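First to last, the protein sequences are chains X and U.
According to the numbering used here, the first sequence is numbered sequentially starting from 1.
According to the numbering used here, the second sequence is numbered sequentially starting from 1001.
Accuracy of the hints is not assured; some may be wrong.
What the hints assert, rightly or not - Ranges of calculated distance between the beta carbons of each label pair, as one might list FRET restraints:
| id | chain 1 | residue 1 | chain 2 | residue 2 | range |
| --- | --- | --- | --- | --- | --- |
| 1 | U | 1031 | X | 108 | 33 to 39 Å |
| 2 | U | 1242 | X | 271 | 54 to 60 Å |
| 3 | U | 1190 | X | 234 | 40 to 46 Å |
| 4 | X | 120 | U | 1040 | 33 to 39 Å |
| 5 | U | 1249 | X | 73 | 25 to 31 Å |
| 6 | X | 133 | U | 1194 | 55 to 61 Å |
| 7 | X | 180 | U | 1105 | 42 to 48 Å |
| 8 | U | 1190 | X | 60 | 51 to 57 Å |
| 9 | X | 26 | U | 1272 | 47 to 53 Å |
| 10 | U | 1127 | X | 92 | 41 to 47 Å |
In short, the hints are calculated from the structure, not lab data.
Because the structure is a prediction, the values reported are computed rather than measured.
Note that the Cβ used here is the ideal one computed from N, Cα and C, for glycine as well.
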Amino acid sequence: MSADGQLTVGLAQIDSALGDRDRNLARHRQWVAQAVDAGVKLLVFPELSLTGYFLRDLVVDSAIRLDGPAMKDLLSLSGDLDVVLGAIVEEPDHRYFNASLYLSRGELVHVHRKVYLPTYGMFDEQRYLASGDRFRSFKTSYGRAGMLVCEDIWHLSSAYILSLEGVDMIICPSASPGRGLSIDERLGTAESYNLVCRTYAQFLTTFFLYCNRVGYEDGANFWGGSMVIGPNGDILAQEEDADEALVVATLDLGDVRRERLANPLLRDERVELTINEMRRAWHERTRKPY
Amino acid sequence: MSAPASLTEPVFPPLAINPELVRKILVRFIQNEVQKVGYERVVLGLSGGVDSSLVASLASQALGPNNVLAVIMPYKASDPKSRSDALQVVQQLGINQLEVDITPQIDAYFERFPDADQRRRGNKMARERMTILYDQSSGFRALVIGTSNKTELLLGYGTIYGDMASALNPVGDLYKTQVWQLADAVGVPTGIVQKAPSADLWSGQSDETELGFAYRMVDQLLYYLVDRRYSKEELSRLGFEPAFIDDIIRRVRDNQYKRRLPVIAKLSSRTVDQEFRYPRDWGH
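My request is simple: use the sequences and hints to build the entire structure.
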């Protein structure tokens, strides 16, 4: 944790060129420079920021290997600040993952491989990608963090598991296409994400960093709306519009402790009861005769 | 059938839009999808109807009036009011315009096929206009911007490779009743928003007469059927006539081919549009 208990975070709400890693890397460099100038110590890019989202068969051409030459360029982004970015990662066994990488001081600190791959409606991720098999938190210079990629947060258990690991902050890079027209000033998707992210922050008494992209791919619009949420559920900073923007907020990291003293939800959480009840429910569901 | 009362009757609540939000999304869509592939300009067929007038307005806002070319392509049987409405839009927006009377080329062709019915003639005109737009797109270094709305796309009320052909379409996910709301909000002349929609293949033609139902009615049914995936029984419980439901379901099904690439005989293990799946915006 920094000496004064403050952390200035930045959300790089950017557009990405579809399947053009070189161009996107150059753009990451520009946004990193801008964030450094703004005093940002942790900069979050959207889901698949290095490649764009609706890749389809471009998944294969856009992938990087964690032990491959492209990593050097990515690690070099994190010399002056911590960086979270999104990439397609090819494993040695040639499975491809939608991954989020936490980089710090030229090192790879943590990789989260997206677990919940949406394959319905306009989404087709399972056709092209393998799904991750774990939710794990990790230590940063600013406390314990966990990462969830977009659809991961639509499953309550993902954030819940991270909270049991005692995270101070959940980072959610996203590539959410906007849809759902009504007379409201925001699309249905924007309303839903606001509700979900704020609920997690408040229920789990943790900071929540949501970074969504902007731009268009094959007609789909990404609605931005990136937000920094405090452990009491308040939005500390948000870019509501679909413009490219650097959303900056300075977090008082002591807020997590204070919130958990005021609302000791985590202390009172009955984890063992939950596990037992889940095991029972699962048993009944899977052993029940048809 | 009377005028569509596009502005006077209350909007079916689930199809009510926030016009400013939609306008912003569509203006940016046009900017983004045109500019990222290296273009600055668009060309469109301006009929003087509400769909193309709306698209002209959105394109003008997105790219600037100098970067929009509206091509007015009347046939001798077209209603003169269509031409004057189109010219009003051109003048209001300050966009470029070109007039091409398609009568000589249509008549020259049908001299050989005098027995051709209205439908053949109408489709031929739509395709003739398409070839003019694509030629002008080359001359004007522009993309062809489409004007088919969601109601037309679902019902197949359009000519394949005619008015349905374009490089990008900002209004294809808006029902006709939503087009009316947006057109009114962006300042399309009220007379154009309120007039009875027409393919204008002959003077006095009306979409709603030809289709046999009002857009307001079919949009409600399509909303429940397509967007909300109501079953026939559920639609019927909502009060829609079973015969109407069947007719619309049949139309949507029978026109599916218009919304797809031609069917390709599969032979290899990686066939275009089957296993060969790349985004349209590949590299952009």
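Each hint, compared with the structure:
Between residue 1031(U) and residue 108(X) the C-beta distance comes to about 37 Å, which sits within the given range of 33 to 39 Å. Taking the beta carbon of each, residue 1242(U) and residue 271(X) are about 55 Å apart, inside 54 to 60 Å as hinted. The hint said 40 to 46 Å for the Cβ distance between residue 1190(U) and residue 234(X), and at roughly 45 Å that hint holds. Between residue 120(X) and residue 1040(U) the CB atoms are about 37 Å apart, so this pair conforms to the stated range of 33 to 39 Å.
At about 54 Å, the beta-carbon gap between residue 1249(U) and residue 73(X) misses the expected band of 25 to 31 Å. The hinted window of 55 to 61 Å between residue 133(X) and residue 1194(U) holds, with their beta carbons roughly 59 Å apart. Residue 180(X) and residue 1105(U) have their C-beta atoms about 45 Å apart, which keeps the hinted 42 to 48 Å range intact. Separated by about 53 Å at the C-beta atoms, residue 1190(U) and residue 60(X) satisfy the suggested range of 51 to 57 Å.
Our hint of 47 to 53 Å for residue 26(X) and residue 1272(U) is violated, since their Cβ atoms are close to 32 Å apart. Taking 41 to 47 Å as the suggested C-beta distance range, the pair residue 1127(U) and residue 92(X) does not conform, at roughly 54 Å.
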